[in-house]
Amino acid sequence: MPRKLGILRFNMSKLTVAVIFGSRSTEHDISIVTAIASVIKPLELSGKYNVVPVYIDKQGKWYSDPLLSDINLYSSGNIEAFLSKLKPLAIRMDGKLELVLKRKKVITIDVAFPATHGTHGEDGELMGLLEMAGVAYVGCPMPAAALAMDKALAKTLAAAEGIPTSKFEWFYARDFAADQEAVLSKLADLKYPLFVKPVHLGSSIAISRVENSKALVQAIEVAAHYDDKVLVEEAVNNLIEVTVPIIGNHHPRAALVEQPLLKNSNLFDFETKYLSGGKKGKGGKSGAQGYSKLPADLPPKLYKQAEETALKVYKTLGCAGTARVDLLIDSQTNQVYFNEVNPLPGSLYAHNWRQAGVSNVGLVEELVDLALEREQESKKLTTAFSSNYLKQY
Amino acid sequence: MNFRPLSSLYSFRLPVALTYMLQSSEYQAKDYLRWLARTRDFSRVQHRRHLERTSKARLIEAFLYLGMGLELLIGIALIIYGIITPGASWSIEIGAAVAIAYPFVWAYLVVIPLELGRLLFVEPNQARAVSVAEDIFAKHSGTIIAVAGSYGKTSMKELLKTVLGSRKVVAATSANHNVAIEHAKLAGRLSGKEDILIIEYGEGAPGDVAAFAQNTHPDMAVITGLAPAHLNKYPSLEAAARDIMSLSGYLHDKGVFVNGDSEALKPYIKPAHTLYGHSGVGEWKVSQVKVSLQGTSFKLSNDKQELNLSSKLLGRHQIGPLSLSAILGVKFGLKVPDIESAIANTEPYEHRMQPYELDGAWIIDDTYNGNIDGIRAGTELLGELPAKRKIYVTPGLVDQGKETKAVHLQAGKLIAAAKPDIVVLMKNSATGSISEGLKEGGFKGELKLIDDPLDFYNHLDRLVAKGDLVLMQNDWTDNYA
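In order, the protein sequence lines correspond to chains A and B.
Sequential numbering from 1 applies to the first sequence in the numbering used here.
Sequential numbering from 394 applies to the second sequence in the numbering used here.
Okay, chain A solo, but in the shape it has when bound (with noise of 0.2 Å):
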């Protein structure tokens, strides 16, 4: 049964932070996950902000009530009737972002705290709105955001800039269904065994790895179902695949490098990560999905190779805030290539954070501190300029 609508309670002393998750995505139902047990409790316990649960529903109507974080509301499947009572909130853009709910009453923001995964939120577009906003918001501004929800775009340009990456091509979807042929051919000089991967998708979605050009076929076709650009690139060889969430804006720092276990499977995918709890990475210390090793079993040396391309890429890329860069490793030859970047991690990756020595409620309290330094960095920069332009109409 749909539950009785919540009550805000509002502290006027404390900032009030709006967590936004949810929306049009196929990681919609992770977001939920990362932003009720990583973000709104740990905001709640830190006693600092008034904590607003901002949903948007798979329809991408938007909502809020405070009843919104309860993780229970999802998993009893009774979201729907609840969102039935209550009425979708509008968004006032006053100079300030202003969340307008029932009865006209009016909750005014002063930190965004993004919560969404996939398209349609960590892709840039949620951060897009926050900047037209010109409200503060926690994690990678819209470009770097973008940037990194484009796999190829990412790789180009980390290429560009002289960070190794395995070899690569890229298409759009539209091109494989009207020339196959000459798709396949822009990709004959790629060795197998290649994967291939939705551009724009997380959590390893419909990511697939081939040995041979059927096998090929099949997984764009795949991939092409869930994205209109998709990425084919060479496996790493004697891969050993690591994963560095980095937190900072300026100065960046990161966590712990991690290994997620791969074993039977070859690819750490949605399942190692969020389902199996492990079944598939037997043998490694438990994180928070119960997959990694926690620290990496690298020697030092390339261990901190592995730290410092993910800063590399951080920096490169323009992220602030959080995300986590993904990196392959060729253990024989000790080459590091940088693989993704992931701008809004799952959970944020509190479990590394923990034994780096960071607890949930100190990493998301930096985070809304970072939000606020990069806003404040923001006013000072001048976006009116005075011209004689229009005076010739």
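These are computed hints drawn from the structure, not numbers from a lab.
Each hint should be verified, as a subset may be incorrect.
As the list claims (entries may be wrong) - The calculated DSSO-like cross-link candidates involving lysine-lysine, where the alpha carbons are at most 27 Å apart (straight line), are:
#1 A/Lys304 x B/Lys820
#2 A/Lys14 x B/Lys783
#3 B/Lys859 x A/Lys48
#4 A/Lys87 x A/Lys61
#5 A/Lys48 x B/Lys820
#6 A/Lys48 x B/Lys532
#7 A/Lys14 x B/Lys692
#8 B/Lys728 x A/Lys48
#9 B/Lys561 x B/Lys532
#10 B/Lys841 x A/Lys48
#11 B/Lys812 x A/Lys48
#12 A/Lys14 x A/Lys167
#13 A/Lys301 x B/Lys859
#14 B/Lys859 x A/Lys304
#15 A/Lys61 x A/Lys96
#16 B/Lys561 x A/Lys14
#17 B/Lys781 x A/Lys48
#18 B/Lys647 x B/Lys683
#19 B/Lys806 x A/Lys48
#20 A/Lys14 x B/Lys832
#21 B/Lys783 x A/Lys48
What the hints assert, rightly or not - What the simulated footprint calls covered on chain B by chain A, stretch by stretch (three residues with Cβ under 8 Å from a Cβ of chain A suffice, anywhere in the stretch; the number is not a length):
#22 596-606
#23 840-848
Cβ coordinates follow ideal geometry from the N, Cα and C atoms, glycine included.
Given chain A, work out where chain B should sit, using these hints.
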């Protein structure tokens, strides 16, 4: 306008809330009535725990439902009578009053059958059982050790049981059960072949300890400490001290071991008493102390013998009780290796300086602690142990009577002296005094005030990181909230 308190009063679940309040007050009318008087919103009384439906609880719940239902029906009947009967408007007013008053009437009325039951059945039965037990204790050939004090009784009793029980036949009162009927239950379990009996004495009211001594005939006594605790039942700390020290009087001050580390006990120490504490027991001296999260180790020696003791119990305040247990082991003829082995087997008891690891952080759970000496011991330990970040958590102490403000002020200073990075206080009536004490003690860290302790404890993992050390002391259950 918040209508929840009013609606909770007329909620269908009011009898459940009232039964829970009685159960949490251990069916003590005074405690229940005090809680009842300060409760505004009955929908929130079951916050930390819920009603456990024992047969007694079911009976009370049914009694309340029936009583309240009947009164409501009578009220409605009177109203209807007033409406349909010309000239009987008085009936409407009386009916309305009867119907409105039912929650108040039955919330108070429920204690009458309880008190009658206590007077007519429970107390006479208990008196008979205690009388039979008194005879059993008087005739028992074993050595009877009484353990009394404001705090640390159960831990002391368990330590003695572990050490002496390693080579002797020992019987003891169970858990923290320490009133006359529990002593009688112990007597009922005895075979008569025990070498040693260890009996814990609680403090329920002035005169209790003296009565326990008369009933159980102790040969020896351990007085574990004195601090403001249970002061809802004693008029003052002096009154509590007099009651506890009456045990020494019973023994003519012979064979009485007194915790010399307890500041408040010092005025009551007599020359015949043997003191135990962090420096040793009598002529036995403590040296080479090492304290860590893994436990406490030290050497205990006199001119002739030496014991190397290592326990998993945490903190310097454990040295006294550990030493006394070891020395009593020597007195009862145990060999040194047996004593050392028994001490090595001692582990922290649940919620009493109990350490556990949480995602790389160390938590010391001392939520059972309820006195200022415990806070002193805990904060000393927090100050002594190395950690990347030190976090201290407390709601404050309960049952401190007139000492409440002074004790919490002192608690604040003790906490500040441990130099924690973060202090977490559960918002309640003690918060102001602790905060004041923190300020006076020069606390420089971050102070967090928490509205919902249960929520905080349930999400502790979000607040800690690897390298943190968290000390959680004291806890306020629903009946103190």
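Hint check results:
1. A/Lys304 x B/Lys820: Violated, because 45 Å separates the two Cα atoms, which is more than 27 Å.
2. A/Lys14 x B/Lys783: 25 Å, holds
3. B/Lys859 x A/Lys48: At roughly 23 Å apart (the allowed maximum being 27 Å), lysine 48 of chain A and lysine 859 of chain B satisfy the hint.
4. A/Lys87 x A/Lys61: Satisfied, since the Cα-Cα distance of roughly 9 Å is no more than 27 Å.
5. A/Lys48 x B/Lys820: 15 Å, holds
6. A/Lys48 x B/Lys532: 65 Å, violated
7. A/Lys14 x B/Lys692: Roughly 54 Å between the alpha carbons, so the hint for lysine 14 of chain A and lysine 692 of chain B is violated.
8. B/Lys728 x A/Lys48: 59 Å, violated
9. B/Lys561 x B/Lys532: This hinted pair holds, its Cα atoms lying about 19 Å apart.
10. B/Lys841 x A/Lys48: Holds, at about 9 Å.
11. B/Lys812 x A/Lys48: Distance of about 22 Å is within 27 Å: holds.
12. A/Lys14 x A/Lys167: Cα-Cα ~50 Å, so violated.
13. A/Lys301 x B/Lys859: 24 Å, holds
14. B/Lys859 x A/Lys304: Given that 27 Å is the threshold and the Cα spacing comes to 21 Å, the pair holds.
15. A/Lys61 x A/Lys96: 20 Å, holds
16. B/Lys561 x A/Lys14: Violated, at about 63 Å.
17. B/Lys781 x A/Lys48: Holds - the C-alpha atoms of lysine 48 of chain A and lysine 781 of chain B are around 23 Å apart, at most 27 Å.
18. B/Lys647 x B/Lys683: 33 Å, violated
19. B/Lys806 x A/Lys48: Given pair lysine 806 of chain B, lysine 48 of chain A holds - Cα atoms ~25 Å apart, limit 27 Å.
20. A/Lys14 x B/Lys832: 23 Å, holds
21. B/Lys783 x A/Lys48: Cα-Cα ~20 Å, so holds.
22. 596-606: Coverage by chain A is violated here, the residue count being 0 at a Cβ distance below 8 Å.
23. 840-848: holds (count 4)
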